[in-house]
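Put chain Y on the given structure of chain U with help from the hints.
Going down the list, the protein sequences come from chains U and Y.
Using the numbering used here, read the first sequence as starting at 11 and increasing by one per residue.
Using the numbering used here, read the second sequence as starting at 1311 and increasing by one per residue.
Computed cross-link-like contacts, DSS-like style, restricted to lysine-lysine with a CA-CA straight-line distance of at most 25 Å:
1) U:LYS107 x U:LYS55
2) U:LYS52 x U:LYS107
3) Y:LYS1367 x U:LYS55
4) U:LYS12 x U:LYS52
5) Y:LYS1380 x U:LYS107
6) Y:LYS1381 x U:LYS55
7) Y:LYS1380 x Y:LYS1367
8) U:LYS55 x U:LYS89
9) Y:LYS1367 x U:LYS12
10) U:LYS107 x Y:LYS1367
11) Y:LYS1367 x Y:LYS1381
12) U:LYS12 x U:LYS107
13) Y:LYS1319 x U:LYS55
14) Y:LYS1319 x U:LYS52
15) Y:LYS1319 x Y:LYS1380
16) Y:LYS1319 x Y:LYS1367
17) Y:LYS1381 x U:LYS107
18) Y:LYS1381 x Y:LYS1319
19) U:LYS52 x U:LYS89
20) U:LYS55 x U:LYS12
Hint data in this document are derived by calculation from the structure and do not stem from the laboratory.
Note that the coordinates shown come from a computational prediction; the quantities given were computed from them, not determined experimentally.
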Amino acid sequence: RKEVEQDPGPFNVPEGATVAFNCTYSNSASQSFFWYRQDCRKEPKLLMSVYSSGNEDGRFTAQLNRASQYISLLIRDSKLSDSATYLCVVRLLNDYKLSFGAGTTVTVRA
Amino acid sequence: NAGVTQTPKFQVLKTGQSMTLQCAQDMNHNSMYWYRQDPGMGLRLIYYSASEGTTDKGEVPDGYNVSRLKKQNFLLGLESAAPSQTSVYFCASSHPTGANQETQYFGPGTRLLVL
Chain U
11 RKEVEQDPGP
21 FNVPEGATVA
31 FNCTYSNSAS
41 QSFFWYRQDC
51 RKEPKLLMSV
61 YSSGNEDGRF
71 TAQLNRASQY
81 ISLLIRDSKL
91 SDSATYLCVV
101 RLLNDYKLSF
111 GAGTTVTVRA
Chain Y
1311 NAGVTQTPKF
1321 QVLKTGQSMT
1331 LQCAQDMNHN
1341 SMYWYRQDPG
1351 MGLRLIYYSA
1361 SEGTTDKGEV
1371 PDGYNVSRLK
1381 KQNFLLGLES
1391 AAPSQTSVYF
1401 CASSHPTGAN
1411 QETQYFGPGT
1421 RLLVL
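Extracted from the complex, chain Y is given alone in its bound form:
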């Protein structure tokens, strides 16, 4: 049981390049999330997926797109990378519980540098 995995772990891009960050979970969770974490700021939600085939914008969606074609995978795309997208990206998953205290499980993160 690997939990939440992310690839790649590190990536350097030039401005304007595109790439896809991959996230997979083996816990059969319905919900998946993409966050970015910048120094001095809390994690900020980029996109959210409540179930396979559905996605919603979070707090900072501009410049990103997502895909949830399979329940276990959630992909984050950068169509034209900008230096402002230099950050650490975390994927997370969760399963709703009746107590409304659901835990989000995070992947190890992807460190992205855009030059």
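Here chain U stands alone, though its shape is the one from the complex:
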């Protein structure tokens, strides 16, 4: 079983729509959670960290559900520039290693 699993998508949404997707992680000892964004043929970049209480960054909202071992990302008022692959990333407490999901692709159309 993969440590981090994501629906690969693609999620095709019109501009202005809301899109949400989850990822699940297998290790209950996971402590730190992140969403990274990766544009086509580019390097991953940190989008946001995910905190236990949930957090927002502009149009992006991340939630963590430790009981069910999943994290979610919601994008409101989608822009064409939001088209990318979103990587779910998990780390164990005091461990240097990050575990990456394979990514969820979002395509926003005009």
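Then chain Y, alone, in the frame of chain U:
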């Protein structure tokens, strides 16, 4: 401030050839990483270096070696390239923070094709 840079950007090798992928960071980060990314799979850690002069194996180290002689440089070597090593290779660096929320900064990647 260039961040993390990688050379070369593209490389084609024949099976059995050797090469070194270079990574440099100018952020004075202690930790550096080498990942590979294959279609349908997440990034997989090849090797990690917590500080200058130290290295540790990651998830998929076979067929690779690394060198961290200077804090700003992390080299990934392929001694005898195989078609299974065709991939996109990313280098990253980070600096530990007390909140355990350290960010990894990635280089632009090296696309390697082994024929």
